[in-house]
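Go by the hints and put chain E onto chain C.
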Amino acid sequence: MIDRTATSDEVALSAPRGLWYRLGPIWSLISLLAIVYLVTLVNSFLGDSVQVQLQYALVNLIIVVALQIFIGTSGVLSFGHVAFVAVGAWTVGLLTIEPELKRNLLPDLFPFLFDLNAPWFVAVLIGGIVGGLLALVVSPVLMRLNGLQAGIATFALLGVVNQVLTYWSSIGPRSGQSMVGIPDVLNLQTTMLFAMAAIVAAWLFQRTKPSRLLRAAREDGIAAASSGINVVSQRIIVFAVSGIVAGVAGGLFALTNRVVQSSQLNIELTFITLAMLVLGGMLSLSGAVIGTLVFSLVDVLLVRMQNGLEIGNFIVTVPQGARAIVLGLILVGMLLFRPSGITGGREFVWPFRKDRPLPGMPPTNEA
Amino acid sequence: MSIGDNGSARGSIGSGLVVENLHVAYGGVPAVRGISLEVKAGEAVGLIGPNGAGKSSTLLAIMGAIGRTGRVLVDGRDIAGLPPEKVVRTGVALVPEGRHVFAELTVADNLRLGAVGRRDRSGYAEALEQILTMFPILRDFGHRQAGLLSGGQQQQLAIGRALMSDPDILMLDEPSLGLSPTAVDTVFEALDLIRGAGKAVLVVEQRAEFTIAFCDRTFVLHDGEITLTLKPEDAEKVDVLTKAYFG
Numbered sequence: 001m002i003d004r005t006a007t008s009d010e011v012a013l014s015a016p017r018g019l020w021y022r023l024g025p026i027w028s029l030i031s032l033l034a035i036v037y038l039v040t041l042v043n044s045f046l047g048d049s050v051q052v053q054l055q056y057a058l059v060n061l062i063i064v065v066a067l068q069i070f071i072g073t074s075g076v077l078s079f080g081h082v083a084f085v086a087v088g089a090w091t092v093g094l095l096t097i098e099p100e101l102k103r104n105l106l107p108d109l110f111p112f113l114f115d116l117n118a119p120w121f122v123a124v125l126i127g128g129i130v131g132g133l134l135a136l137v138v139s140p141v142l143m144r145l146n147g148l149q150a151g152i153a154t155f156a157l158l159g160v161v162n163q164v165l166t167y168w169s170s171i172g173p174r175s176g177q178s179m180v181g182i183p184d185v186l187n188l189q190t191t192m193l194f195a196m197a198a199i200v201a202a203w204l205f206q207r208t209k210p211s212r213l214l215r216a217a218r219e220d221g222i223a224a225a226s227s228g229i230n231v232v233s234q235r236i237i238v239f240a241v242s243g244i245v246a247g248v249a250g251g252l253f254a255l256t257n258r259v260v261q262s263s264q265l266n267i268e269l270t271f272i273t274l275a276m277l278v279l280g281g282m283l284s285l286s287g288a289v290i291g292t293l294v295f296s297l298v299d300v301l302l303v304r305m306q307n308g309l310e311i312g313n314f315i316v317t318v319p320q321g322a323r324a325i326v327l328g329l330i331l332v333g334m335l336l337f338r339p340s341g342i343t344g345g346r347e348f349v350w351p352f353r354k355d356r357p358l359p360g361m362p363p364t365n366e367a
Numbered sequence: 368m369s370i371g372d373n374g375s376a377r378g379s380i381g382s383g384l385v386v387e388n389l390h391v392a393y394g395g396v397p398a399v400r401g402i403s404l405e406v407k408a409g410e411a412v413g414l415i416g417p418n419g420a421g422k423s424s425t426l427l428a429i430m431g432a433i434g435r436t437g438r439v440l441v442d443g444r445d446i447a448g449l450p451p452e453k454v455v456r457t458g459v460a461l462v463p464e465g466r467h468v469f470a471e472l473t474v475a476d477n478l479r480l481g482a483v484g485r486r487d488r489s490g491y492a493e494a495l496e497q498i499l500t501m502f503p504i505l506r507d508f509g510h511r512q513a514g515l516l517s518g519g520q521q522q523q524l525a526i527g528r529a530l531m532s533d534p535d536i537l538m539l540d541e542p543s544l545g546l547s548p549t550a551v552d553t554v555f556e557a558l559d560l561i562r563g564a565g566k567a568v569l570v571v572e573q574r575a576e577f578t579i580a581f582c583d584r585t586f587v588l589h590d591g592e593i594t595l596t597l598k599p600e601d602a603e604k605v606d607v608l609t610k611a612y613f614g
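Same order as they appear, the protein sequences are chains C and E.
Taken in order, the first sequence gives residues 1 to 367; the numbers are from the working numbering.
Taken in order, the second sequence gives residues 368 to 614; the numbers are from the working numbering.
One chain only, chain C, in its complex shape (with noise of 0.2 Å):
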């Protein structure tokens, strides 16, 4: 064996780590919620319509913070969390809408429904527990698969509950139709709170055991298992938190829309959010946060610009139905290019600090 004197980190090593070090650097998240802060005050200055445009930003920013949380940290695909945004949404709808307006626009409903009324916010967070509650129901099942079989399973519970949501008129409007009268309380602070909120959330949840285990075992799945974790048991764990928050997005997402209709809720809603975690890098927080605000810009900036844009003198126009063709571009050219998206899978850390954390792992205070 190797003689030597053990010289440093003797203590550090086998000491319990306070809170200041699983904390880590707090820049991570500050840099965040600034970005998030900067970006909603521009924005108060542009004018109506660009401020709806970034409350729903902001709520597809929670959605795809939900969608990191859990992607990020197992490795493995999901197409299925729009399910939870759905139910999410379906449940401020039935908690908000006035009880005289549900009799008439929902006849079929359950009757107990009729009279179950909450304030908007205590119905958001229904809405966050109902999302969880799915996925934990789905997951002892869900989580036990992996890659193909994962993202197809997934998005077979989205398709089941798209399903029940549309012809179920029992808990919502008859088919084709829609939940109309949620009622006008959330503003762009809110809702930018709200989005705050989420990315705390995730931040502090990078830092807890489940989420760290599963990390060491989205790197190495046969160390993990020979190491004594149980994959599965982390993954449901991890998938029931992300499904709360996509709960909340929905929830939000009704409140920001005032219309629910099971076909907003779907595939499409499914690819927009995957690529804009693909689009900031899935493996980081940052990627989820920076993905969603860039592809968001670039997708206004195209929706003004099919309607012809003044820049100065110049009106800059493209022709109609060009912004889907330019986002699939960016995307297929980010996934030939760069596909560790644009953050590479890195959180912000202090721009002076020396060593770089890795893609894929929060930073920490250790060295």
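For the record, the hints were derived by calculation from the structure and aren't laboratory data.
Far from chain E, by Cβ distances over 10 Å, these chain C residues were calculated: (1) VAL39; (2) ARG103; (3) GLY159; (4) ILE171; (5) SER178; (6) THR190.
What the simulated footprint calls covered on chain E by chain C, stretch by stretch (three residues with Cβ under 8 Å from a Cβ of chain C suffice, anywhere in the stretch; the number is not a length): (7) 438-452; (8) 456-464; (9) 481-493.
On the chain E side, residues computed to face chain C include the following (Cβ under 10 Å): (10) LEU427; (11) MET430; (12) GLY431; (13) ALA432; (14) VAL468; (15) ALA470; (16) GLU471; (17) LEU472; (18) ASP476; (19) ASN477; (20) GLN512; (21) ALA525; (22) ARG528; (23) ALA529; (24) MET531; (25) SER532.
The C-beta atom is built at its ideal place from N, Cα and C for all residues, glycine as well.
Frame of chain C, contents of chain E only:
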């Protein structure tokens, strides 16, 4: 070194690993065909043989990572049907082939993760101290990312992490693969200590001569069956054996 305090306390009748009539097949193609072997506490047993002989499959099957038939007894208890994370808790640890360390975690975190499968939480600090004494390099590089270590250091870390689960039976899949001669010596010196501490060691290797000399018994595997059992003194005759079995 007192790593095996627990192990030797349990080192009475029925302790160690017993494998009876183990069969493994991949999609109908047999990889392991009726292997039976025993590793007692304080004993090292080697498995050698050409590629595809079923060595790694045997270890993975004992660990519960792949489907199998046959009996696997740990300290007299049948662990058939348990998934790997439960097998760890019966006191079996595997150091997988190719030094599977968690490359993006620090050395310290790798060791902490190894302790997830511990049955006895109270011995944690003591076990860590023993491992850091055995592999001082891990103490020096405690806060370095594991992927930045050299091959030999990663292998030490992989063994250290496996020991953190406080196993009675330590299985290693080609621990010398891709290591420098000095690093191999370090690894096998550590294995000798682990064996001396009363643990059962089952090691799969390609280096026939080395393994035969180190292990108390070495089984030669061929097409999923044990074709020969060798003693350490047979290491001298290894040239003949190598020709006979590996062509």
